[in-house]
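Participant: Sequence:
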Amino acid sequence: MATFENKGYNLKIGSWTVNRGVSDLIKGNGTARGYTTTNYPDGAVTYSSWEGKTTTVVVDGKSIATSAGTWKLISGTGEWKNREGGGTWKSKVVGDGISFVEWEGEWRPKR
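Using our numbering, read the sequence shown as starting at 913 and increasing by one per residue.
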């Protein structure tokens, strides 16, 4: 069991994301879950939860980890205050301490 925190910047919209989670891996494979806080340029903030699975394979003597799962919007401020949303995500480690993560999903007014 391990805890982690990572940070990322969205080049397209200029938002900063902090991701905190817990992984339960055996030989690089297992589950992970956590929470994400995203700060937008206009001052709005979103809070989301996520969970998924991690798989690690060895290629040419190097471990390559990939992960995939689902996310759900918990709450937000500004334009995100009265919205709900969710979707999927996937990530791949691309270098020492560097990962690429893709988030997909939809946002809509709360019902």
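Everything labelled a hint here was simulated from the structure, so no lab data went into it. Treat the hints with caution; some may be incorrect.
[As the list claims (entries may be wrong)] DSSO-like mimics (lysine-lysine), calculated; alpha carbons at most 30 Å apart, straight line: (1) K939 - K1004; (2) K939 - K919; (3) K984 - K965; (4) K965 - K1022; (5) K984 - K919; (6) K993 - K939; (7) K1022 - K919; (8) K993 - K1022; (9) K993 - K974; (10) K993 - K919; (11) K965 - K1002; (12) K919 - K1002; (13) K984 - K1002; (14) K1022 - K939; (15) K1002 - K924; (16) K939 - K1002; (17) K1002 - K974; (18) K965 - K919; (19) K974 - K939; (20) K974 - K919; (21) K974 - K1022; (22) K924 - K984; (23) K939 - K984; (24) K965 - K939; (25) K1004 - K974; (26) K1004 - K965; (27) K924 - K1022; (28) K1022 - K984; (29) K1022 - K1002; (30) K924 - K965.
[Said to hold, decoys possible] Per label pair, the in silico range of CB-to-CB distance: (31) K974 - W928: 25 to 33 Å; (32) I976 - G920: 14 to 22 Å; (33) D954 - A977: 21 to 29 Å; (34) I938 - N994: 36 to 44 Å; (35) D936 - G1009: 18 to 26 Å; (36) A914 - K993: 27 to 35 Å; (37) I986 - F916: 17 to 25 Å; (38) T978 - K1022: 17 to 25 Å; (39) G1017 - W928: 13 to 21 Å; (40) S975 - N951: 14 to 22 Å.
Backbone N, C-alpha and C define an ideal beta-carbon position, used for all residues, glycine too.
Participant: All hints are to be evaluated individually against the structure, with a verdict given for each.
Facilitator: Now the hints, each set against the structure:
1. K939 - K1004: Status holds; Cα separation ~17 Å.
2. K939 - K919: holds (25 Å)
3. K984 - K965: holds (16 Å)
4. K965 - K1022: Distance ~29 Å between K965 and K1022 Cα, so the pair holds.
5. K984 - K919: holds (18 Å)
6. K993 - K939: Violated, at roughly 41 Å.
7. K1022 - K919: With a Cα-Cα distance of about 28 Å, the restraint between K1022 and K919 holds, given a limit of 30 Å.
8. K993 - K1022: Roughly 9 Å separates the two Cα atoms, so the pair holds.
9. K993 - K974: violated (44 Å)
10. K993 - K919: The given pair, whose Cα atoms are some 23 Å apart, holds under the 30 Å limit.
11. K965 - K1002: OK: K965 and K1002 at ~10 Å, within 30 Å.
12. K919 - K1002: Satisfied, since the Cα-Cα distance of roughly 16 Å is no more than 30 Å.
13. K984 - K1002: Between K984 and K1002 the Cα gap is close to 14 Å, so the pair holds against 30 Å.
14. K1022 - K939: Violated. K1022 to K939 sits at ~41 Å, over the 30 Å cutoff.
15. K1002 - K924: holds (18 Å)
16. K939 - K1002: holds (20 Å)
17. K1002 - K974: holds (20 Å)
18. K965 - K919: holds (20 Å)
19. K974 - K939: holds (13 Å)
20. K974 - K919: holds (24 Å)
21. K974 - K1022: violated (45 Å)
22. K924 - K984: holds (21 Å)
23. K939 - K984: With a Cα-Cα distance of about 28 Å, the restraint between K939 and K984 holds, given a limit of 30 Å.
24. K965 - K939: Distance ~13 Å between K965 and K939 Cα, so the pair holds.
25. K1004 - K974: Between K1004 and K974 the Cα gap is close to 14 Å, so the pair holds against 30 Å.
26. K1004 - K965: Measuring from Cα to Cα gives roughly 12 Å; hence the hint holds.
27. K924 - K1022: holds (26 Å)
28. K1022 - K984: holds (13 Å)
29. K1022 - K1002: holds (26 Å)
30. K924 - K965: The hint holds at about 27 Å.
31. K974 - W928: 25 to 33 Å: Taking Cβ atoms as reference, K974 and W928 lie about 30 Å apart, which means the hint holds.
32. I976 - G920: 14 to 22 Å: holds (19 Å)
33. D954 - A977: 21 to 29 Å: violated (34 Å)
34. I938 - N994: 36 to 44 Å: The hint (36 to 44 Å, Cβ to Cβ) holds, given that I938 and N994 are roughly 42 Å apart.
35. D936 - G1009: 18 to 26 Å: holds (21 Å)
36. A914 - K993: 27 to 35 Å: Given range 27 to 35 Å: holds, Cβ gap about 34 Å.
37. I986 - F916: 17 to 25 Å: holds (19 Å)
38. T978 - K1022: 17 to 25 Å: violated (33 Å)
39. G1017 - W928: 13 to 21 Å: Distance hint for G1017, W928 holds at roughly 19 Å.
40. S975 - N951: 14 to 22 Å: violated (32 Å)
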